[in-house]
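Assemble the complex: chain A is given as a structure, and chain B must be docked to it using the hints.
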Amino acid sequence: MQQSSLKSIIYDARLRGYFYQVFILGCLAFGLWWLIDNTVTNLADRGKTVGFGFLTENAGFQISSTLGTWLFDYKVGQSSYLDVYFIGIANTFLVAVLGIAGATVLGFTVGIMRLSKNFIIRSFATVYIELLRNIPLLLQLFFWYFAVLRALPSKRDKIEIIPDVVAMNITGLYLPAPVIEPGFIYSVIAFVIAIIITLVMKSWAQKRQFETGQRFPVLWTALGLIIGLTMLTFWITGSPMNWSYPEFKMTGAILRRGFQSGSGMVLVPEMLAVWLALTLYTAAFIAEIVRAGILAVAKGQTEAAYSIGMRPGMTLRLIIIPQALRVIIPPLTSQYLNLTKNSSLAVAIAYPELVSIFAGTALNQVGKEIEMIFMMMMVYLTFSVATAAFMNWFNARVKLVER
Amino acid sequence: MTTPHKYVRTEDAPLLPPPATEAGITGWLWQNIFASMSDFQSLGAAIRSLFMILFSLLLVYLFIDQTYGLIDFAILSAVWSDPEGLKREVCWTVQQGGSLPDGWHGACWPFVWAKQKFAWFGPYPSEELWRIYLSLIVGSIGLVWALRERLPYRRQVGVLMLTLYPLLAFILLTGGNSDASFTGIGVWIIVGLALISVGRMGAAGHLGTIFAELAGIFGIVGWGIIALNVVRGIVAVDFNLTPVGTGDWGGLLITLVVALTGIVASLPLGIILALGRRSEMPVVSVLCTIFIEFWRGVPLITVLFMASVMLPLFLPAGVNFDNLLRALIGVMLFSAAYMAEVVRGGLQAIDKGQYEGAQAMGLSYWQTMRLIVLPQALTHVIPGIVNTFIGLFKDTTLVSIVGIFDLLGAGQSAIADAAWSTPVQAITIYLYIGIIFFIFCFGMSRYSIFMENKLSKSRRH
Chain A
-2 MQQSSLKSII YDARLRGYFY QVFILGCLAF GLWWLIDNTV TNLADRGKTV
48 GFGFLTENAG FQISSTLGTW LFDYKVGQSS YLDVYFIGIA NTFLVAVLGI
98 AGATVLGFTV GIMRLSKNFI IRSFATVYIE LLRNIPLLLQ LFFWYFAVLR
148 ALPSKRDKIE IIPDVVAMNI TGLYLPAPVI EPGFIYSVIA FVIAIIITLV
198 MKSWAQKRQF ETGQRFPVLW TALGLIIGLT MLTFWITGSP MNWSYPEFKM
248 TGAILRRGFQ SGSGMVLVPE MLAVWLALTL YTAAFIAEIV RAGILAVAKG
298 QTEAAYSIGM RPGMTLRLII IPQALRVIIP PLTSQYLNLT KNSSLAVAIA
348 YPELVSIFAG TALNQVGKEI EMIFMMMMVY LTFSVATAAF MNWFNARVKL
398 VER
Chain B
-17 MTTPHKYVRT EDAPLLPPPA TEAGITGWLW QNIFASMSDF QSLGAAIRSL
33 FMILFSLLLV YLFIDQTYGL IDFAILSAVW SDPEGLKREV CWTVQQGGSL
83 PDGWHGACWP FVWAKQKFAW FGPYPSEELW RIYLSLIVGS IGLVWALRER
133 LPYRRQVGVL MLTLYPLLAF ILLTGGNSDA SFTGIGVWII VGLALISVGR
183 MGAAGHLGTI FAELAGIFGI VGWGIIALNV VRGIVAVDFN LTPVGTGDWG
233 GLLITLVVAL TGIVASLPLG IILALGRRSE MPVVSVLCTI FIEFWRGVPL
283 ITVLFMASVM LPLFLPAGVN FDNLLRALIG VMLFSAAYMA EVVRGGLQAI
333 DKGQYEGAQA MGLSYWQTMR LIVLPQALTH VIPGIVNTFI GLFKDTTLVS
383 IVGIFDLLGA GQSAIADAAW STPVQAITIY LYIGIIFFIF CFGMSRYSIF
433 MENKLSKSRR H
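Each protein sequence line maps, in turn, to chains A and B.
So in the working numbering, spot 246 of the first sequence is number 243, and the numbers just go up one at a time.
So in the working numbering, spot 94 of the second sequence is number 76, and the numbers just go up one at a time.
Please note that the accuracy of each hint is not assured.
[To be verified] List of simulated lysine to aspartate or glutamate pairs, DMTMM-like, C-alpha gap at most 25 Å:
hint, chain 1, residue 1, chain 2, residue 2
1, B, 436, A, 285
2, A, 396, B, 323
3, A, 296, B, 4
In short, the hints are calculated from the structure, not lab data.
Extracted from the complex, chain A is given alone in its bound form (with noise of 0.2 Å):
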């Protein structure tokens, strides 16, 4: 009696993966004393503390201006290290948002070009994608930075792109900047009440139509509406806001020749050459995935849709994109990950993005590593949960309703 229930308490697979999970945890707790304990030991040798009190004694380092030490008004020797981490978030964010705008449009372009019927097109996709992506994205960074950017016209030149307006040089690309002055409050409050509008307009048009079969013109009057109502609010309160448009001096003390600070808006190179690479690079795989999700959808869709007397356009439009975006939508988004993540290359032309300033100017006169790089980690897997969290949402709302 005793050995048979003794017998039976061991083959019992709930018990015995219970047993195994007490097991792995304590393995795991062992493990992480291990290492919480030789790190206190590591740091007390070091004279080291634990705290995040370094975040805010002033920072004493120069960053290249960016959108970041603009936003955050960066000062040397005022601002504290809080900021840096916030310039470095800001400036990450930067490169990524117009990375992923850029990325988004060509990769859109050049996978559809893949697909087309014209061999030239369809060559010139292919040889895009295949080149751009079989190369480091790091030897592509230092090429656009080193080889290409380096070769501009030095500093009291330039070459013009739009003439006064868009011109370029070793220090960067200058474009003209806006001068915001009081009231042009109004006017962003006309444009979010106009896309409010607009939305709001859109579902009634919709309903009107399942109940009706009428049709309402909501592409023509919410462009009419948006554009309309903003510029409206533009002119009736005085126009409040200017362009400044860069200086450039060709005469005067040789030392004062070249673009003026104070004026325009200046693009630094390093964040040009991060963003061309990341644009490019990750456009060739964006490519793959567009053929690959217009592939995906079967070509008795599109005969069906013409059957029932649809144009090419509605076709593609209704049929093709939505069935092709489901697809297309969950590697797009690793993609869009892919590209945030792949940001932080731009520690090695020295951008001023998280990784660089933070992880490792700052760090290196902090030398606060644990608390630091766990900062800068939590970023990162910040923005991974949260694009996570949108797929499975958007997964859910897009899934297949089979019968």
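Below, chain B alone, put in the same frame as chain A:
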């Protein structure tokens, strides 16, 4: 008697050639190029045709322009040799103090020839290079053998490549002769043997029911200890090779070592993680999921930063890894997480009936996995594994950011050499490195496509 109808032919109709738009070169040209740009029936079609004409012309122009630019830069205008040993001056224009015409723009190949050994092997001692060549030759023969169909003993060669070859390469590259006490190794081997025999006795039922259950674990631990210590023993043997520290490694050698170690280590680790994630034990699956998602959620560069900055803090004082090993650990954990997701994809594709069939035959969990599920799942995801490997191969360039001179890092430090400073220095070396990477990655992606086609064919019944 039938009257012949006047309207019925008495002889066969002559075979007409296919219409010009359907066959031959003209047909191909028509279908693939001109058909899309010659419809002027309506306004919309005309606009579309016009757009296609202009767009195609633009692309042709771009392609010819870029290709000619590349050929001109790399071949026609390039400087190929430096017979007088002028170094940078051989690639200077008149204006810069050299002899080339002003406005010259071409590759400076003598610079690459001068840096070639450095780009491939870094500061590895020249008289010891045969060791690298030997391990590369053995490696490529083994690899081709294992991947090539219709060669005998493929499986055995594959196993040797995964077990004996890393050991051989390690000894050849570092020189072996690491310090380890043979007595200690002997003691560990005896411990391992003891564990195995306890396991055997348990399995035979001599030690009661509890041991019968745990015998397998004892056996695995015992074999693990023995294998580890045999490796330690072999590595500690003095083969009379000059020791070469990893600090003297560099260039393509590092790229290959990091990529190959990453892939070889990440595969078993990834399999374990993937099985763990699908485990029915909540603790195991949650831990594996957290582990996988953590590494997949952060960029490799932060992992490398962490490995180089934080690893020394985590380990007991005195335990000191060299730089390369730290980066390797980071790369391994990182790629294991990606590999785990690839393997999980394969596991999900296995039909439930396979598990049930194995259970019905009385196979244990590990037997099911080893004999039934994993062989099928892994074959399924070979293309995915190769793609992960391509990604890893490209990502090895990131180690140059934490101060390890891989191919790209070696190129960057070559650019810093003032003796060769010319305006075309950077482009030349990037072109060279780009070609090397392209050959490797493109070749692997072709292999992956080939495998994909082959697998989808073999699955079609």
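Now for the hints, and whether the structure bears them out:
1. Only pairs whose Cα atoms come within 25 Å are accepted, and residue 436 of chain B paired with residue 285 of chain A is accepted, the gap being roughly 21 Å.
2. For a cut-off of 25 Å, the pair hint linking residue 396 of chain A to residue 323 of chain B stands: about 21 Å separates their Cα positions.
3. Between residue 296 of chain A and residue 4 of chain B the alpha-carbon distance is near 22 Å, which keeps this suggested pair within the 25 Å criterion.
Of the hints listed earlier, there is not a single one the structure fails to meet.
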